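Protein chains in written order, with UniProt numbering: chain U, 1 to 423; chain D, 1 to 337.
A couple of the hints might just be wrong.
Unchecked claim - Below, simulated SDA-like cross-link-like pairs (lysine to any residue); rule was C-alpha separation at most 20 angstroms, straight line: (1) D:LYS207 to D:ASP225; (2) U:LYS383 to U:ARG363; (3) U:LYS44 to U:GLY34; (4) U:LYS44 to U:GLY7; (5) D:LYS194 to D:GLN331; (6) D:LYS207 to U:LEU186; (7) D:LYS207 to U:THR209; (8) U:LYS296 to U:ALA286; (9) U:LYS44 to U:HIS418; (10) D:LYS194 to U:GLY190; (11) D:LYS207 to D:ASN337; (12) U:LYS296 to U:ALA370; (13) U:LYS296 to U:THR349; (14) D:LYS207 to U:ALA204; (15) D:LYS52 to D:ASP86; (16) D:LYS207 to U:PRO207; (17) D:LYS207 to U:GLY190; (18) D:LYS166 to D:LYS52; (19) U:LYS129 to U:ALA116; (20) D:LYS207 to U:PRO196; (21) D:LYS194 to D:VAL222; (22) U:LYS29 to U:HIS14; (23) D:LYS207 to U:LYS129; (24) U:LYS383 to U:GLN19; (25) U:LYS296 to U:GLN224; (26) D:LYS207 to U:LYS383; (27) D:LYS194 to D:GLU170.
What the hints assert, rightly or not - If you want the footprint, here are the derived chain U segments under chain D, 3+ residues with CB under 8 angstroms: (28) 201–214; (29) 388–394.
Quick caveat, the hints were computed from the structure, so don't treat them as lab data. Computed from a prediction, not measured in an experiment: that's the story for all the values here. Beta carbons: idealized from backbone N, C-alpha and C, even for Gly.
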Amino acid sequence: MRTSILGARVIDPHSGLDQVSDLHQEGGKIVAIGQAPVSFVADKIINAQGLVAAPGLVDLNVALREPGYSRKGNIASETLAAAAGGVTSLCCPPFTKPVLDTPAVAELILDRAREAGHAKVFPIGALSKGLAGEQLAELVALRDAGCVAFGNGLDNFRSSRTLRRALEYAATFDLTVIFHSQDHDLAEGGLAHEGPTASFLGLAGIPETAETVALARDLLLVEQSGVRAHFSQLTSARGAQLIAEAQARGLPVTADVALYQLILTDEALQDFSSLYHVQPPLRSQADREGLREAVKSGVISAIASHHQPHERDAKLAPFAATEPGISSVQLLLPLAMSLVQDGLLDLPTLLARLSSGPANALRLPAGRLAVGVAADILLFDPKASTLAGESWYSKGGNCPFIGHCLPGAVRYTLVDGHISYQA
Amino acid sequence: MTPIDAKRPLQLNEQGQLRHFLSLDGLPRELLTEILDTADSFLEVGARAVKKVPLLRGKTVCNVFFENSTRTRTTFELAAQRLSADVISLNVSTSSTSKGETLFDTLRNLEAMAADIFVVRHADSGAAHFIAEHVCPNLAIINGGDGRHAHPTQGMLDMLTIRRHKGSFENLSVAIVGDILHSRVARSNMLALKTLGCPDIRVIAPKTLLPIGLEQSYGVRVFSDANEGLKDVDVVIMLRLQRERMQGGLLPSEGEFYRLFGLTEQRLALAKPDALVMHPGPINRGVEIESAVADGPQSVILNQVTYGIAIRMAVLSMAMSGQNAQRQLNQESEESN
Chain U
1 MRTSILGARV IDPHSGLDQV SDLHQEGGKI VAIGQAPVSF VADKIINAQG LVAAPGLVDL
61 NVALREPGYS RKGNIASETL AAAAGGVTSL CCPPFTKPVL DTPAVAELIL DRAREAGHAK
121 VFPIGALSKG LAGEQLAELV ALRDAGCVAF GNGLDNFRSS RTLRRALEYA ATFDLTVIFH
181 SQDHDLAEGG LAHEGPTASF LGLAGIPETA ETVALARDLL LVEQSGVRAH FSQLTSARGA
241 QLIAEAQARG LPVTADVALY QLILTDEALQ DFSSLYHVQP PLRSQADREG LREAVKSGVI
301 SAIASHHQPH ERDAKLAPFA ATEPGISSVQ LLLPLAMSLV QDGLLDLPTL LARLSSGPAN
361 ALRLPAGRLA VGVAADILLF DPKASTLAGE SWYSKGGNCP FIGHCLPGAV RYTLVDGHIS
421 YQA
Chain D
1 MTPIDAKRPL QLNEQGQLRH FLSLDGLPRE LLTEILDTAD SFLEVGARAV KKVPLLRGKT
61 VCNVFFENST RTRTTFELAA QRLSADVISL NVSTSSTSKG ETLFDTLRNL EAMAADIFVV
121 RHADSGAAHF IAEHVCPNLA IINGGDGRHA HPTQGMLDML TIRRHKGSFE NLSVAIVGDI
181 LHSRVARSNM LALKTLGCPD IRVIAPKTLL PIGLEQSYGV RVFSDANEGL KDVDVVIMLR
241 LQRERMQGGL LPSEGEFYRL FGLTEQRLAL AKPDALVMHP GPINRGVEIE SAVADGPQSV
301 ILNQVTYGIA IRMAVLSMAM SGQNAQRQLN QESEESN
């Protein structure tokens with residue numbers, strides 16, 4: 001199968017390429033940018049005038065809900081939603097049932113993802129057995145089964161000593177550890193950012209220090225152990241500052257943020273709408289500004305959807321009894337384009353945060369447009385708009401952006417040269 | 001980006017009348033005054049030999065309490081009975097939910113029994129909003145207390161108490177003392193006082209019992225020194241201190257709290273000589289209030305209970321008529337389509 005994509009604005013943030021050109025793929029690899037190779041005859045030609053051709057987006061956190069929570073989503077539905085959002089590679093977190101702490105679960109996920117064929121899936125393994133934070137999972141066996149990094153989610157290790165050992169063990173084999181830093185005690189029982197909105201609504205608060213206290217500890221242990229570390233889902237300006245300070249003193253740590261944290265604040269909770277119930281919580285306007293600045297400066301090098309689909313009942317209860325999370329992977333490109341519309345980022349920088357940035361953070365073979373690499377390509381119209389929810393492939397309808405008109409529209413998503421989504 | 005479902009007047013019908021009573025947030029001063037005026041007129045009913053008016057005849061009021069309560073539930077029952085409604089009271093904490101039935105299903109089942117008004121108390125903040133929005137939007141939902149968020153009938157009965165004893169709110173200093181953090185009563189009182197034009201609202205508590213950002217949200221002044229905060233106030237509202245607050249480091253002991261914040265005769269003397277002493281009950285004698293003060297001449301704690309029935313009658317009848325008016329509007333618009 002040979003494809004030629006003609007006349008697109010080709011942007012590759014990794015190399016700095018940004019020009020109107022043609023792309024040619026054969027057998028799943030990009031074989032030329034610009035002039036087609038001699039004797040290249042395309043089976044399919046995509047006229048991409050007016051479109052942007054970018055590396056397929058790389059999303060570091062998409063909960064696929066399979067195995068174990070198929071009422072919320074499954075690998076086929078959520079990877080299709082991801083493809084519609086412009087994603088070609090995604091990482092899925094270990095919160096499955098059973099937990100992703102054995103090679104068998106990783107293999108099952110990878111098999112089903114290949115079968116569905118909508119996006120490349122890179123599983124994140126559990127750092128500890130059952131995510132309990134007590135015993136190490138078999139990290140090397142999990143790596144060999146395809147896990148690209150290891151994390152324990154918001155269930156932080158209660159024991160700093162056990163965490164230190166886990167990091168040292170991971171460092172032995174040059175494995176990457178993903179932190180979602182949150183101090184269990186400081187966050188316990190909390191439902192919303194500790195601030196005027198939570199006070200007014202009578203919702204128990206989660207203070208900023210729940211993030212920063214844990215983050216400070218985690219950074220120091222990372223420094224001591226020398227493990228490769230990625231800090232996921234930052235929520236506070238002060239947290240981003242701690243990452244910046246660590247990077248400034250030479251610690252090779254990376255960070256990502258949930259896209260919705262760059263758009264929403266805790267004020268969205270004002271009517272107890274459970275659609276805005278997320279963990280860690282939406283924080284203040286000052287925090288949002290701090291995160292946006294950190295994305296702009298590159299301290300935060302990746303933007304992820306942190307997609308968490310839910311069935312209807314999970315959100316149909318008083319706020320405290322609802323499950324946290326937003327289903328948003330299908331809107332990754334148009335929601336992120338709102339950051340360009342707002343003037344925060346230029347288009348190449350945004351695409352860097354959505355492709356090469358996340359790919360580099362976890363050393364994934366993705367996020368580039370260059371001769372010889374996989375033909376994982378996103379084609380989108382930056383001038384068109386997306387009516388969120390007009391089509392919807394995720395099983396989770398828990399998305400507060402449905403009904404909004406968002407800038408930019410995905411036209412084609414190609415994975416290894418195959419069209420995985422076409423609008 | 002503004003949420004598409006931002007702030008809508010959930011508790012008002014299209015004509016601005018009450019159809020649910022969920023919180024005092026967003027209710028205009030005129031409406032609060034109307035509730036107080038209506039309650040005033042019902043106070044006479046309680047003084048008559050035959051204590052009934054037929055406003056809710058043929059209607060069914062269902063008290064659904066997911067959290068224990070004696071005073072609030074009883075006064076809602078009496079209020080509904082005095083309005084000639086049929087009344088059912090359920091302590092759901094001990095029945096369906098322990099069998100795994102969701103809040104949603106419990107209420108839908110009760111709705112199917114043709115209830116017209118739900119009075120709901122629930123331990124989760126926002127529970128009444130959830131019910132009014134997603135479960136039974138066509139029934140009048142009255143919030144009998146939701147988590148730490150709101151207890152609007154208590155707020156209004158406190159306002160009735162103040163108005164009947166002080167005449168108006170314009171020149172008053174009101175102090176609220178104690179566990180503000182966990183108190184839905186305090187939140188409703190602060191909103192009501194602000195809306196009704198009280199110029200000096202003070203809250204007095206240690207930092208561990210104060211929610212963040214009170215000054216901006218409610219326009220109150222915060223004091224950590226009770227003697228300073230009580231100086232020359234016209235009204236003192238004491239809050240109940242739950243025993244479990246000693247756990248987890250919020251307070252060292254009941255004794256220390258009483259020494260620093262308890263309303264003793266000596267401390268009350270700092271307020272104006274005719275200052276009112278109020279408490280939503282149940283009181284902890286010797287923990288937040290001295291017996292001599294609770295039972296003293298300035299205490300209106302028992303009057304509050306009496307006024308509570310009148311306020312609840314007012315809210316029940318107003319919400320029912322607002323809900324009926326909305327139903328008629330809906331029918332008319334359907335017919336004209």
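Taking 20 angstroms as the top limit, are the C-alpha atoms of D:LYS166 and D:LYS52 close enough?
violated, 28 angstroms
Between the alpha carbons of D:LYS194 and U:GLY190, is the straight-line distance 20 angstroms or under?
The given pair, whose Cα atoms are some 28 angstroms apart, is violated under the 20 angstroms limit.
Take a quick look at whether U:LYS44 and U:GLY34 sit within 20 angstroms of each other, Cα to Cα.
holds, 16 angstroms
Could you grab the alpha-carbon distance between D:LYS52 and D:ASP86 and see if it respects the 20 angstroms cut-off?
The given pair, whose Cα atoms are some 13 angstroms apart, holds under the 20 angstroms limit.
Quickly compare the C-alpha distance for U:LYS129 and U:ALA116 to 20 angstroms and report which way the hint goes.
Outside the cut-off at roughly 28 angstroms; violated.
Does the structure keep U:LYS383 and U:GLN19 at a Cα separation of 20 angstroms or less?
holds, 17 angstroms
When you check the alpha-carbon spacing of D:LYS207 and D:ASN337, does it fall within 20 angstroms?
Since the Cα atoms of D:LYS207 and D:ASN337 sit roughly 57 angstroms apart, the hinted pair is violated (cutoff 20 angstroms).
Decide if the proposed pair is consistent with the structure: D:LYS207 and U:ALA204, CA atoms, cutoff 20 angstroms inclusive.
Distance ~15 angstroms between D:LYS207 and U:ALA204 Cα, so the pair holds.
Take a quick look at whether D:LYS207 and U:THR209 sit within 20 angstroms of each other, Cα to Cα.
It holds: about 17 angstroms lies between the C-alpha atoms, which stays within 20 angstroms.
Going straight from one Cα to the other, do U:LYS296 and U:THR349 come out at no more than 20 angstroms?
Distance ~8 angstroms between U:LYS296 and U:THR349 Cα, so the pair holds.
Hinted pair, alpha-carbon criterion (20 angstroms max): U:LYS296, U:ALA286. Please report holds or violated.
Holds: U:LYS296 and U:ALA286 sit about 15 angstroms apart, inside 20 angstroms.
With the threshold set at 20 angstroms, check whether the alpha-carbon distance from U:LYS296 to U:ALA370 stays at or below it.
violated, 25 angstroms
In this structure, the earlier hints numbered 2, 5, 10, 11, 12, 18, 19, 23, 25, 26 and 29 are contradicted, and the remaining ones agree with it.
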